[in-house]
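Okay, here's what each chain looks like letter by letter:
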Amino acid sequence: MSEASSLAIKAARGVGMPWGIAEEAGFALRWLTRSGAPGVTALCRYLSAYQGAMKMSGADSPSENTCEWICPLRLGTAISDGGIALPLEQSNVREPLLLLPFLASHATDSHSVVLEMGTIRIVISDNRFSANMVETALLVSKAECTIDFWPANRDEIQRIGNRVDSTASECIATLARFAHNTYAPATEASRFLGAGDGLNDND
Amino acid sequence: MEDQPIQTENSKMFPLRPVAEVMRLARMGSLHQSRLSFMRVLLRRLKSNGWIFDRTTWKIDEKGVGVATYRASGPKRSYTLLAFAHDLPDDLRSDRVIAEAWDATFTLHDGDLSEADIKRLSTNVPYQEAGRISETELTLSRANRSVRLFDYVATCLSAGTQPDVAQIEPVGYLMRTTAVYGSGKFGAADRDLWADRPEFAGSFQPELLSVWLIRAFTIDMVEHMARMRAPKTAVKLDPAIRRRIGVGNSTGLGMAPFLINHPALIHSWIKARETALARVRAVKQASQQEVDLFIELVQRAMINAEDWHVEHAYQARKITGLRDDLKTTADYLSSADLSVAHVWDRLYRWAETTLGIEGQEQLVSLLLEPYPHLVDDLAANMAADEAQRFRIDGTMKVDVLRTILKETYDWANDIDYDKRSAQARVWYVSEEKLEPRLGERFEEPIADYEQPLAPGRDAKLALADLGEFAANDTIASFLMAHPEHRHITRRAQLVSHCPYGEIHDNTIAAEMLPIDLLRCKLSFFGATKFDPRSDRWLRITMFQGAPFPDELGELDPDSLVYPPLPDSEAP
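Residue numbers (our numbering), protein chains in the order written: chain A, 1 to 203; chain B, 204 to 774.
FYI, nobody ran anything at the bench for these hints, they're computed from the structure.
List of simulated lysine to any residue pairs, SDA-like, C-alpha gap at most 20 angstroms: (1) B/388 to A/2; (2) B/266 to B/434; (3) B/636 to A/181.
Here's a subset of chain B near chain A, in silico, CB distances under 7 angstroms, partners left out: (4) 387; (5) 393; (6) 595; (7) 632; (8) 633; (9) 652; (10) 655; (11) 679; (12) 680; (13) 687; (14) 689; (15) 690.
Note that the coordinates shown come from a computational prediction; the quantities given were computed from them, not determined experimentally.
Every residue gets a Cβ at the ideal spot worked out from N, C-alpha and C, and that includes glycine.
With the hints as constraints, model all of the structure from the sequences given.
Here it is as structure tokens:
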């Protein structure tokens with residue numbers, strides 16, 4: 001899991017996100033994977049869309065005006081930081097599954113957080129979630145989201161068991177491709193200078 | 204760990220040394236191993252918990268090719284080192300991470316190994332990064348022979364003679380590891396899977412257990428090769444000579460960013476050592492036995508310094524200074540009254556004004572030696588989970604963050620980052636081997652690939668943008684407007700709780716020496732004989748002097764770290 005988290009950081013950085021946000025992508029992937037959600041797929045889909053939008057706009061980052069969507073990592077960190085207060089209604093959130101780890105920071109012993117997208121309802125506590133649909137149905141590319149508090153004892157939603165993230169291997173390859181953008185191509189000079197040429201190493 | 208100054212019965216307070224003094228690269232690059240080093244913590248624990256060791260497989264042929272396994276069995280669990288010995292042509296032997304073949308490759312398996320495990324691992328471990336291990340493996344590593352020493356020792360043994368210690372000491376090992384990967388690397392078990400096992404409490408314990416077992420393998424290999432050459436005359440190594448053979452290690456830049464990327468962990472290491480020093484300085488009256496042991500250890504450290512030979516000018520100068528410092532210390536000890544109150548504090552304060560940094564830090568390590576009851580328990584605090592402080596406190600007010608940044612990074616005030624020399628370097632990851640490297644910002648096209656390893660510069664940039672905000676604004680609003688400062692904000696909040704976690708020097712300056720970072724980390728591992736081969740990679744010796752698995756039950760590992768005095772009887 002630490003490998004996946006580190007890959008997520010590099011992939012998010014690789015499509016152009018600031019390091020601090022990329023670190024949040026790593027945190028989100030770890031949380032989602034541990035909770036049995038298809039986090040790899042969600043992140044892969046989001047970063048692909050993010051990179052596509054950057055290419056179209058030619059900007060440093062897809063602005064909400066040009067792309068007409070809300071970044072789940074930016075929104076999630078703003079909620080987690082307390083910059084955006086709950087409850088909240090927000091349209092056009094891209095890959096809202098990625099919000100879950102950030103909403104979890106607002107769950108307490110007395111209340112959970114609930115995220116609703118149309119007929120999908122997800123209840124989030126500090127370290128897990130439950131939903132009224134199977135995990136793969138939670139992979140929504142863009143949705144109108146309502147986020148609110150939810151009494152902790154009102155746990156009427158059946159917990160779904162952990163499942164293998166079925167499209168994960170393909171998505172990991174995509175994330176690895178994005179991560180590759182953070183690696184500097186080797187030159188003859190860097191090959192020797194960068195790693196430190198020096199005295200004989202075979203004696 | 205307590206945050207109060209150390210206090211003894213006479214109420215004299217002994218504060219920890221200030222962060223601004225300790226966390227300078229020049230001092231970090233002068234640290235020596237100590238009682239708190241992880242190799243020593245490991246051996247103390249293995250011994251006190253009665254671990255037993257056996258070589259469960261030895262299928263090595265006359266060319267030195269084959270498989271061997273070494274099992275460590277403890278109170279609840281066992282671990283097995285699996286070693287593959289290869290026939291490596293001399294021209295392929297390289298310690299650089301870009302190498303693709305080695306004299307031997309290893310993995311540490313969780314539990315006993317089955318034939319099926321060995322078969323599975325035999326198609327992966329020899330290929331190292333290009334292979335894949337599983338979550339039943341804890342480490343992956345490889346080693347190359349020291350051409351200098353391996354053949355010499357094999358030749359001596361095959362002729363029925365013992366090698367000359369004078370030939371062994373300057374090298375110190377038969378084989379050197381060139382990487383020891385752990386924690387989730389290449390499919391190995393995540394740290395979460397074993398972090399709560401008591402045998403691995405602290406830092407890097409599975410990696411160092413692997414290395415210690417690898418050391419036993421290197422001896423078995425040289426004795427095996429001697430026997431293959433001359434079955435009738437070959438002898439085994441004398442135990443006292445054998446003990447002077449450790450395991451070498453070549454370490455490059457890959458390790459340097461680790462110190463910057465793990466501030467909570469580094470804080471826990473440094474603070475434990477500083478606390479240990481403060482406790483010893485607070486000792487009111489040293490016993491004659493403690494004084495005698497200290498004086499003996501200074502003599503033995505002098506032998507160690509005499510046997511420490513390097514070609515690199517930077518380290519060579521430091522060793523010359525260390526030899527002088529140890530001689531000055533020995534002279535002082537022979538003339539000073541050591542029965543006075545707070546003798547160690549006096550000695551330390553004398554050293555601060557008399558010795559170089561290298562000598563001061565050697566003295567700190569030596570001062571801890573006579574005091575296991577004051578020092579050893581601190582090892583339990585030398586671990587940290589960086590993730591625990593991951594979440595940013597967005598409710599913090601802008602003026603509070605400003606104060607933290609100004610206070611934590613006050614050392615950066617004197618640095619003009621607009622100067623080329625102050626930003627000359629870029630830490631980046633190479634496409635070729637996915638390893639950290641250090642490049643020249645103004646000479647190579649690498650700035651776009653920069654890793655966030657320059658906290659001083661980033662703190663100043665964040666402070667400039669914080670100027671647009673009111674004192675009462677929240678960090679959450681600042682970060683919504685400036686997501687590019689999220690990384691340094693998280694770091695500053697963390698470091699405000701972990702002050703020894705931040706290096707008070709410019710890590711991208713033209714004159715910065717990565718070997719200072721490497722040495723700091725390696726001293727906490729317990730390494731000795733730091734031998735820089737450039738400003739970016741070095742060799743070290745691990746476990747030199749330590750007992751072997753077959754003698755750990757009888758010997759005290761802590762008493763064997765420094766070389767014996769010439770007239771002492773070997774155990």
